[in-house]
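Visitor: Here are the chains, one letter per residue:
There are 2 protein chains.
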Amino acid sequence: MAWNKDFESAFYPHAVAIVGLSKSATRDNRVWSSVWFILSYEELGFRGRIYPVNPKASEILGYKAYRSVASIPEPVDLVIVSVPVPALPGVLEDCIKANAKNIHIFTAGLEETGEEAGRELAKEVRQIISRGGLRVVGPNCMGLYVPEAGISSFLDVSTKSGPVSLISQSGGHCNWFVHHGQDYGIYFDKVISYGNAYGFDSTDFLEYLSTDPKTRIICLYLEGVKDGNKLLRLVQNIHREKPVIIWKAGLTVAGSKAVASHTASLAGQQAVWQAFFAQSGAIQVFSMEEMAEIAMTFLYVTPPRGNRAALLTFGGGNSVAAADVCSREGLEVPTLSQDTRDKLREFIPISGTSIKNPLDTGFMYMDLSLLDREINLITADPNIDFLIVIPSLDEIRTKSDEQVDSVMSYLSELALAKPNGKPVVITFYSFRSDPWERKMRARLLFELSNKGIATYQNLNSAARALARFVRYHKSPQ
Amino acid sequence: MAWNKDFESAFYPHAVAIVGLSKSATRDNRVWSSVWFILSYEELGFRGRIYPVNPKASEILGYKAYRSVASIPEPVDLVIVSVPVPALPGVLEDCIKANAKNIHIFTAGLEETGEEAGRELAKEVRQIISRGGLRVVGPNCMGLYVPEAGISSFLDVSTKSGPVSLISQSGGHCNWFVHHGQDYGIYFDKVISYGNAYGFDSTDFLEYLSTDPKTRIICLYLEGVKDGNKLLRLVQNIHREKPVIIWKAGLTVAGSKAVASHTASLAGQQAVWQAFFAQSGAIQVFSMEEMAEIAMTFLYVTPPRGNRAALLTFGGGNSVAAADVCSREGLEVPTLSQDTRDKLREFIPISGTSIKNPLDTGFMYMDLSLLDREINLITADPNIDFLIVIPSLDEIRTKSDEQVDSVMSYLSELALAKPNGKPVVITFYSFRSDPWERKMRARLLFELSNKGIATYQNLNSAARALARFVRYHKSPQ
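Chain order of the listed sequences is P and V. Numbering-wise (our numbering), the first sequence opens with residue 1 and increments by one. Numbering-wise (our numbering), the second sequence opens with residue 1001 and increments by one.
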């Protein structure tokens, strides 16, 4: 199908019906269930009306319950259906009767079970949807998270909105991204978990998001797609304006079998998808972590002129490893110009350091005025397009815990100021593994990225994301 | 050169001289310096004698200081030299005079600087070493950590010994491994950081470790090697008895330049090293993390009969991702037999689960008797060689914090018992990112691996290590 504008009221609903809540539902049920929809709406401060539908209850969790969707006294913008699978046809008929056509089907257990019963029911459900003109997200999915509208399918998520949207066949991956995304400074406009895709498919949501002014970066987790040509055409049209980051899962034999058991999608052939990524302009990733890294890069890094990295690190072994990692990802690590090296040697001793690039000058973190002088010289070098700073947390800490704070606030000002017009990104290294280090690392990742500075879990992540980012901007497409 | 047995007293010294300690050295100097050698020896409870050598001091950190190595009143088993580079020749002459021939040269600033002065001095130092018959570790390195002997080049390390030894040109990588190794349940017999290798090279230490009964697993970090044929021959001879895990760094163009600035080694050509890994039987890794993962696997996993993994996970998206990850690393994820599936369906509901493999049955963690029944059926399946369990921490936590403990103690008993004779390894997943999750994950990784259960940071690590482990055991070499 194509996008249907009438569904848009479901993203910002005034009235939501939830069908399938148990009359004995309690607020302390934190295990993944339909109770989540009420708890999460409440957490996000949803300002519309919530209508539980259950013919056996008069009240659920303090909300007046209704016998049917049709008996709700106002037009319903979104119906969330979480009944057991045999009850699904009846509920959908009720929705048709009520003229409540925007439906999120949470219920699972259809053809993805691989059982005859599931397949039969799937056929019936699809016929009802088609006959009734229902606009369906799902089945077998978590549905919608729109912080601005106060609606969510996950608990303990941020109330803050952002310019990233996610379209995903997996609710688990959405759950991961809405929580872990915060560590990357990523907040969402819309998150759409759509499972088996009986109604809208990824391409329909993509069509919508491509013109949604609040979404600047589009992320997709795909197991299959119904209209591959449409996907190609859409991505080709919008990827220059809005980067499209895609994790196509199930490309291996084992993965493709797992897709059949999950959303019953056709995972498709590896070669077809290779051609898709070569032609579409989409940025391909292979995990949610990679998706988060590259989305953060698009959010917070100004495109550098090229792929030539300067690496400011600590230790000889780390320098070699850093150069290898960047090189394997397709970044260049050029030797600094003789002029830059002469100027660095005026204040950096020879013994135990290297200033060619990678720069092994860890002790500079002890004196921020020297560090500043060093970074200004590096970024002024004509051989360099951007700088990756890799402080060793334990070395800085040997001076004092406060020194870590001083170094990080210096680096964050620097990154925001872009010395000599060159992007600066940050990652960390620790020789030690202890509670201090883990806590500090988590704090710095969160705080720096939330200030708008691209801050990566490790150099592999940084190099991988930056290489893709540069390729995207250099590509002729 | 070849291994010299007279150096072995340096691994278990009775008397150690430290040349180059400042007379104003203080115990609160925790920044990487020669003071570390005294502090770390004290931390490890070194029971021999420590002799600071400094003609300008009578006492350093409470130890009587000596004018020269020759003036020390007993034979010295190990001299640690950390003087500024121009003083190096004089100190080495002093050692020759004292007949103290086991030397660790910490001092850096020789040919790795790329400067004429460094190259000249390097030549002189090499001549003195050769003429005096000195047995040298270094220069430009951290030297020796032997917990059993109470000697160390790093602070805050474990006093516990173990069957792993590490030979590394980088002191930083040693520092990482001796700290992070504990999270993998890895403890060391000997750690040798040997830098520029003027005396012993990796092959010499390898020769020694191959017959050292305390070392069962050998890890190497190499930037270059002087005698590649010797390395090949040695590894071929010993890798069946003692696995040899090698990270050869500097294989990219940028990495090879960084090697020149670090230990001035010749990094060599990629093709030559590819042939080495194909012929030697060594296990190749590309980071310290990978080295730790595979070393832990050799320590704690009984070789499975083949590469067919069962994956016990949570969530459909995670199942697809898990299958893809294992498949890409070269593991098979076969569908469970019909018989096993029929038996599982007797107590696992259809809706929202998958039992084909990967098994998406996360809620089983709520009832350990059901989980046990499930795991016994999976491991009994003739299509399966081993099991990777991937609990979702946040799902288990929704029941109670204590439930995490119950699940983990159940899983650790199970892994140690090897149900149906099949290895069980563990890794984790978390939808959430919060302090509880980070703390719990760190605790579980440490505790489980220290019980002798292979426990990985994530599924990528587990799949990568297990695939290499199976290949090692299947290889005809």
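Since the hints were made in silico from the structure, they are not lab data. Among these hints, one or two may not hold up.
Straight line, CA to CA, 35 angstroms or less: simulated DSBU-like cross-link-like pairs of lysine-lysine [claimed, not checked]: (1) 230(P) - 1356(V); (2) 343(P) - 1343(V); (3) 399(P) - 1064(V); (4) 1399(V) - 399(P); (5) 439(P) - 1123(V); (6) 1399(V) - 23(P); (7) 226(P) - 474(P); (8) 1343(V) - 23(P); (9) 439(P) - 1399(V); (10) 356(P) - 1226(V); (11) 1160(V) - 1123(V); (12) 1023(V) - 356(P); (13) 399(P) - 1439(V); (14) 123(P) - 1343(V).
Visitor: Let me make sure I understand: some of the numbered hints might not hold for this structure. Which ones are they, in numerical order?
Guide: The structure breaks hints 2, 4, 5 and 11; every other hint is satisfied.
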